[in-house]
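Colleague: So you can see what is in the structure, the chains are spelled out below.
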Amino acid sequence: EPEVTQTPSHQVTQMGQEVILRCVPISNHLYFYWYRQILGQKVEFLVSFYNNEISEKSEIFDDQFSVERPDGSNFTLKIRSTKLEDSAMYFCASSQPSYNEQFFGPGTRLTVL
Amino acid sequence: AQSVSQHNHHVILSEAASLELGCNYSYGGTVNLFWYVQYPGQHLQLLLKYFSGDPLVKGIKGFEAEFIKSKFSFNLRKPSVQWSDTAEYFCAVTTSGTYKYIFGTGTRLKVLA
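Protein sequences appear in the order of chains Y and D.
Okay, so the first sequence: first residue is 1 according to the numbering used here, each after it adds one.
Okay, so the second sequence: first residue is 1 according to the numbering used here, each after it adds one.
If you're looking for bench data, these hints aren't it; they were derived computationally from the structure.
The reader is advised that the hints may include incorrect statements.
Said to hold, decoys possible - Listed next, with one range per pair, are the computed distances between beta-carbon atoms: (1) D:Gly41 - Y:Lys83: 23 to 29 Å; (2) Y:Ser73 - D:Ser80: 28 to 34 Å; (3) D:Tyr39 - Y:Thr7: 46 to 52 Å; (4) Y:Ser58 - D:Asp54: 30 to 36 Å; (5) Y:Met89 - D:Ile68: 37 to 43 Å; (6) Y:Asn52 - D:Arg77: 27 to 33 Å; (7) D:Tyr39 - Y:Ser81: 32 to 38 Å; (8) D:Glu64 - Y:Gly16: 45 to 51 Å; (9) Y:Asp71 - D:Ile60: 18 to 24 Å; (10) Y:Thr13 - D:Gly41: 35 to 41 Å; (11) D:Lys110 - Y:Leu39: 18 to 24 Å; (12) Y:Met15 - D:Thr98: 19 to 25 Å.
A quick note: this is a predicted structure, and the numbers were derived from the prediction, not measured.
Note that CB positions come from ideal geometry on N, CA and C, so glycine has one too.
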């Protein structure tokens, strides 16, 4: 069964450094999403992406964040200058039609020191 | 703002006990409703979803949920749990005009053998 994959599974970085989290969505999916879950808190929506552009973003998704689909398979989330409060589990998801169920990757645990 | 509440944060049951996990949302318009499960070390997986039609929805692994519009609820049920149902359960909602999931806080279920 096709799956969403994410790399790395765990990323440790120093405050102020740039990180890129990578996702490979399911191959025939057209809609891509990033969510995050700070320890002990809810899973929160960050951004959705369709047709090579952001279709929706949350207040969390400020200028420090960007997304890109650099080729036909990867979908990346870049955090330009990480802060301590960016420490969280980041989940990528994809869906066929936008309204349909989203398939989630296993997550990348980001630790900012 | 729209929100989703899961009132049971931790539930401990013995095998063969019945399960009901609460989910309430705050939104007066059309909603799509989902229950996801996350087994230890695994992806979020869809258990069941409701878009329209019969408000009693059957999902995988013997789970079902009932949409009660007047109560803004979508409770998850299983008549007889197994040790393998030990996991975290998330309720999620999408509202009209957006495809982002709004998640509840999750409920950790532990089933004792």
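Colleague: State for each hint whether it applies.
Modeller: Do the hints match the structure? See the list:
About 28 Å separates the C-beta atoms of glycine 41 (chain D) and lysine 83 (chain Y), a value consistent with the hinted range of 23 to 29 Å. One distance hint, 28 to 34 Å for the beta-carbon pair serine 73 (chain Y) and serine 80 (chain D), is violated here, with the actual separation near 42 Å. The supplied range of 46 to 52 Å is broken by tyrosine 39 (chain D) and threonine 7 (chain Y), whose beta-carbon atoms lie about 21 Å from each other. Our hint of 30 to 36 Å for serine 58 (chain Y) and aspartate 54 (chain D) holds, since their Cβ atoms are close to 33 Å apart.
Checked against the given bound of 37 to 43 Å, the beta carbons of methionine 89 (chain Y) and isoleucine 68 (chain D), roughly 32 Å apart, lie outside it. The supplied range of 27 to 33 Å is broken by asparagine 52 (chain Y) and arginine 77 (chain D), whose beta-carbon atoms lie about 42 Å from each other. Checked against the hint of 32 to 38 Å, the pair tyrosine 39 (chain D) and serine 81 (chain Y) passes, with Cβ atoms roughly 35 Å apart. At roughly 49 Å, the beta carbons of glutamate 64 (chain D) and glycine 16 (chain Y) sit within the given window of 45 to 51 Å.
A hinted range of 18 to 24 Å is violated for the C-beta pair aspartate 71 (chain Y) and isoleucine 60 (chain D), which are about 33 Å apart. Between threonine 13 (chain Y) and glycine 41 (chain D) the CB atoms are about 23 Å apart, so this pair departs from the stated range of 35 to 41 Å. Between lysine 110 (chain D) and leucine 39 (chain Y) the Cβ separation comes to about 19 Å, which falls inside the hinted range of 18 to 24 Å. Between methionine 15 (chain Y) and threonine 98 (chain D) the beta carbons are some 32 Å apart, a value that contradicts the proposed interval 19 to 25 Å.
Figure legend: structure checked against the earlier numbered hints; hints not met, in rising order: 2, 3, 5, 6, 9, 10 and 12.
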